[in-house]
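Residue numbers (my numbering), protein chains in the order written: chain A, 1 to 346; chain B, 347 to 685.
Bear in mind the hints are in silico, worked out from the structure with no lab data behind them.
Keep in mind that this is a model prediction, so the values were computed, not measured.
Be aware that a few hints might be false.
Below, computed lysine-lysine pairings styled on DSS-like, alpha-carbon distance capped at 25 Å [claimed, not checked]:
| no. | chain 1 | residue 1 | chain 2 | residue 2 |
| --- | --- | --- | --- | --- |
| 1 | B | Lys595 | A | Lys236 |
| 2 | A | Lys288 | B | Lys621 |
| 3 | B | Lys608 | A | Lys173 |
| 4 | A | Lys173 | B | Lys595 |
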Amino acid sequence: MASAELRAIAFVSLILLHTQSLAFLHAIDGAEAHTDSVWSVLWTPQDAVFSASADGTVKQWTPTSGQISRSQPPHTLGIVSMSSADAKGGKVLWNTLEGLTCLWDLEDGEIKGRWESYVRGKEDNEEPAWSVSLHPSGETFAATGGSGNITIRSADPASFGARKSTLPSGRTKFGLCCKHSPDGTRVAMSSEAGQIYIFDLAAEKLLNTYTSHAMAVRSFTWSPDSQLLISASEDKRLIMHDVRYNASGSAGKPGSGAVATLTGHTSWALCADVSADGKYVLSGSSDKTMRVWDLGSRTSVSTIQDTGEVWSVAWRPKPAQHGSAGEFVSGGEDGVVRWWRSAGAG
Amino acid sequence: MHLLSLTQGPLAQFLRVVDLIHEALCSETPITKRDMYYKDVALFGSQSTVNTLVDDIAATMDVSRSDLYVRASAKGLFCGSSLVMHLHSGDVVRGNDSKGALIPPSEDVKRFDVDERLAWVLVVEKEAVFQTLCHLDFSRHASLPGPGLLITGKGYPDVATRQLVASLGQNLHHRHNATHGSCYYLLIRPLLYRIPILAVVDADPYGIDILSVYKFGSSSMSHQDNLDTPRIRWAGVMASELTGLGVSKENLIPITTHDEKKALFMLKRSYIPRKWRKEIQHMLYNRRKAEIEVLSAAQNTMDLPQDKAVRNMHECLLVRYLASKIASAICSCAAKAAK
Numbered sequence: 001m002a003s004a005e006l007r008a009i010a011f012v013s014l015i016l017l018h019t020q021s022l023a024f025l026h027a028i029d030g031a032e033a034h035t036d037s038v039w040s041v042l043w044t045p046q047d048a049v050f051s052a053s054a055d056g057t058v059k060q061w062t063p064t065s066g067q068i069s070r071s072q073p074p075h076t077l078g079i080v081s082m083s084s085a086d087a088k089g090g091k092v093l094w095n096t097l098e099g100l101t102c103l104w105d106l107e108d109g110e111i112k113g114r115w116e117s118y119v120r121g122k123e124d125n126e127e128p129a130w131s132v133s134l135h136p137s138g139e140t141f142a143a144t145g146g147s148g149n150i151t152i153r154s155a156d157p158a159s160f161g162a163r164k165s166t167l168p169s170g171r172t173k174f175g176l177c178c179k180h181s182p183d184g185t186r187v188a189m190s191s192e193a194g195q196i197y198i199f200d201l202a203a204e205k206l207l208n209t210y211t212s213h214a215m216a217v218r219s220f221t222w223s224p225d226s227q228l229l230i231s232a233s234e235d236k237r238l239i240m241h242d243v244r245y246n247a248s249g250s251a252g253k254p255g256s257g258a259v260a261t262l263t264g265h266t267s268w269a270l271c272a273d274v275s276a277d278g279k280y281v282l283s284g285s286s287d288k289t290m291r292v293w294d295l296g297s298r299t300s301v302s303t304i305q306d307t308g309e310v311w312s313v314a315w316r317p318k319p320a321q322h323g324s325a326g327e328f329v330s331g332g333e334d335g336v337v338r339w340w341r342s343a344g345a346g
Numbered sequence: 347m348h349l350l351s352l353t354q355g356p357l358a359q360f361l362r363v364v365d366l367i368h369e370a371l372c373s374e375t376p377i378t379k380r381d382m383y384y385k386d387v388a389l390f391g392s393q394s395t396v397n398t399l400v401d402d403i404a405a406t407m408d409v410s411r412s413d414l415y416v417r418a419s420a421k422g423l424f425c426g427s428s429l430v431m432h433l434h435s436g437d438v439v440r441g442n443d444s445k446g447a448l449i450p451p452s453e454d455v456k457r458f459d460v461d462e463r464l465a466w467v468l469v470v471e472k473e474a475v476f477q478t479l480c481h482l483d484f485s486r487h488a489s490l491p492g493p494g495l496l497i498t499g500k501g502y503p504d505v506a507t508r509q510l511v512a513s514l515g516q517n518l519h520h521r522h523n524a525t526h527g528s529c530y531y532l533l534i535r536p537l538l539y540r541i542p543i544l545a546v547v548d549a550d551p552y553g554i555d556i557l558s559v560y561k562f563g564s565s566s567m568s569h570q571d572n573l574d575t576p577r578i579r580w581a582g583v584m585a586s587e588l589t590g591l592g593v594s595k596e597n598l599i600p601i602t603t604h605d606e607k608k609a610l611f612m613l614k615r616s617y618i619p620r621k622w623r624k625e626i627q628h629m630l631y632n633r634r635k636a637e638i639e640v641l642s643a644a645q646n647t648m649d650l651p652q653d654k655a656v657r658n659m660h661e662c663l664l665v666r667y668l669a670s671k672i673a674s675a676i677c678s679c680a681a682k683a684a685k
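Only chain A is shown next, with the shape it has when bound in the complex:
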């Protein structure tokens, strides 16, 4: 062969190698399984992993060994939502199926707050809470549910659950998920009808309504830099929304909304998480797979098979080592908390 052709072949091969799919390996399973589906997993910057399950328990895990370090005794009903904040020694907030919200202080391991959202106050006519989210400062939390609004409530043990403000969406569609932006300036909510609402916390104002989905948005995630919001919907798609926002309202183009659709799952998209370096989105689906998507090319670069519906996924927040795409934890139908790591160079 002529040397020019050899060079061409080598060049093409290098390109193919570069765009080759990522591979992820199953690293370890949690030492004990939950006795029902895992509906929520978290990986904190302190390298602790938390899982919350339909069996009513919240467990804390050591990622390297898969051992349980702490566990909460079971509630009578399953845990439908969990959130954490690093401030003040770290806190984990969760909410049960009937709307009992609890705050776990990670420093001393005590439950510092209990709020029975199903008990109707005189001025508070909200439906019981479904999804809850701690503000990064740990001072307040957001709750959404049947009423379709967000209420901001005190996370201070002395007044836990006391309503501070209401952020109305204008609709009464069931709020399935609410999450604060990592920079603490905004809080978003997704509904059973598919809408996503973003509120400015300081101004208590609705900033944007996105209607990129016509079916329920089960869950969504903010990118670590608070500039992207990735939604996971029953329409089997994940949609990337550019939500750049300058809180002071000065210079800089506002985000342009839905910018890309990630298709590939064959059933409901249930959850999503953005990697620490902002390069990849990880999603879980009721088609029993997880997918890793490259945010730059907006394509799926890895599909990982699981045994059941994957309800929740979380990247390790520490940026991945060079040559590795990172590691993550998943939880789903079989009740097992699983760790996965990248097989090598991506």
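Here the structure of chain A is known, so what remains is to put chain B in place on it, guided by the hints.
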């Protein structure tokens, strides 16, 4: 007191019910609650008013409804030639394999005869599903290890239906069942074993509540406690097994606020079995329920066990699903008896 409230209020309704009961007792002619309601629709307003009053009176006096000469009108149906009911009046109600027959109130029944070859009993929540199975001659279907009995209460079962199922539950556990046909069956030793009593309900809070009425009794009639069938088992439909049957999540129906409230209420009852609690929780989390009819809408791909008894079926998914559940229930009953 206002004259109007005296003639139309709760006191008037109560006195009218007592009056009608007294009349029935004196003339020794039973009356149904439905008849009572129609005697004065304007006064009672709704059937449930009559029902509640009769139940309250019976409970207060610590007697059964039939002691008050109030009998239930027939609502439930059964299908299957294995059951013949002999009434006090001399009439005989013979089960038919392709058509449903009304279940008479138990106080009318002198005795019932069950064919010793009876292999299973299936209680179905909805009349529509019951009729479909009757038209398919399901009680004598070739794919099943033996003849069976189909029963429906048409939703929440009345006393007569619950009484029949409860009696079958008590009396059908020492049956010698001869081997019957297929070589699958020859492998089972013909020992004494219990005949399974299975229930098929919608995968929603109301379906599971109906199931709990059969199994544990009704909370409003807990003083008449010979109406429960503790050994009835929930065969389906469970939302969790639907994806394995080729039913995609799009076929599931969104739950309503009524479903939510009912489901949370049921989860508070301590006697609800763990398996039922799991399904109810999952229903609430997915915010989806499923009706039995979803099996008709599904594709033909599924991973049902390849038992010889169900192998040569060409029928729809509903029939194959039920046949598979019945066959495995018979198997596990036999295994228990063999120990």
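Now the hints, each set against the structure:
Pair hint Lys595 (chain B) plus Lys236 (chain A) holds up; C-alpha atoms about 11 Å apart against a cutoff of 25 Å. In summary, the hint linking Lys288 (chain A) to Lys621 (chain B) is supported, as the alpha carbons are separated by about 22 Å, within the 25 Å threshold. The suggested pairing of Lys608 (chain B) with Lys173 (chain A) holds, with an alpha-carbon distance near 20 Å, which does not exceed 25 Å. Taken as a hint, the Lys173 (chain A) and Lys595 (chain B) pair is honoured in the structure, with Cα atoms around 20 Å apart against an allowance of 25 Å.
Violated hints for the displayed structure: none, as all numbered hints are satisfied.
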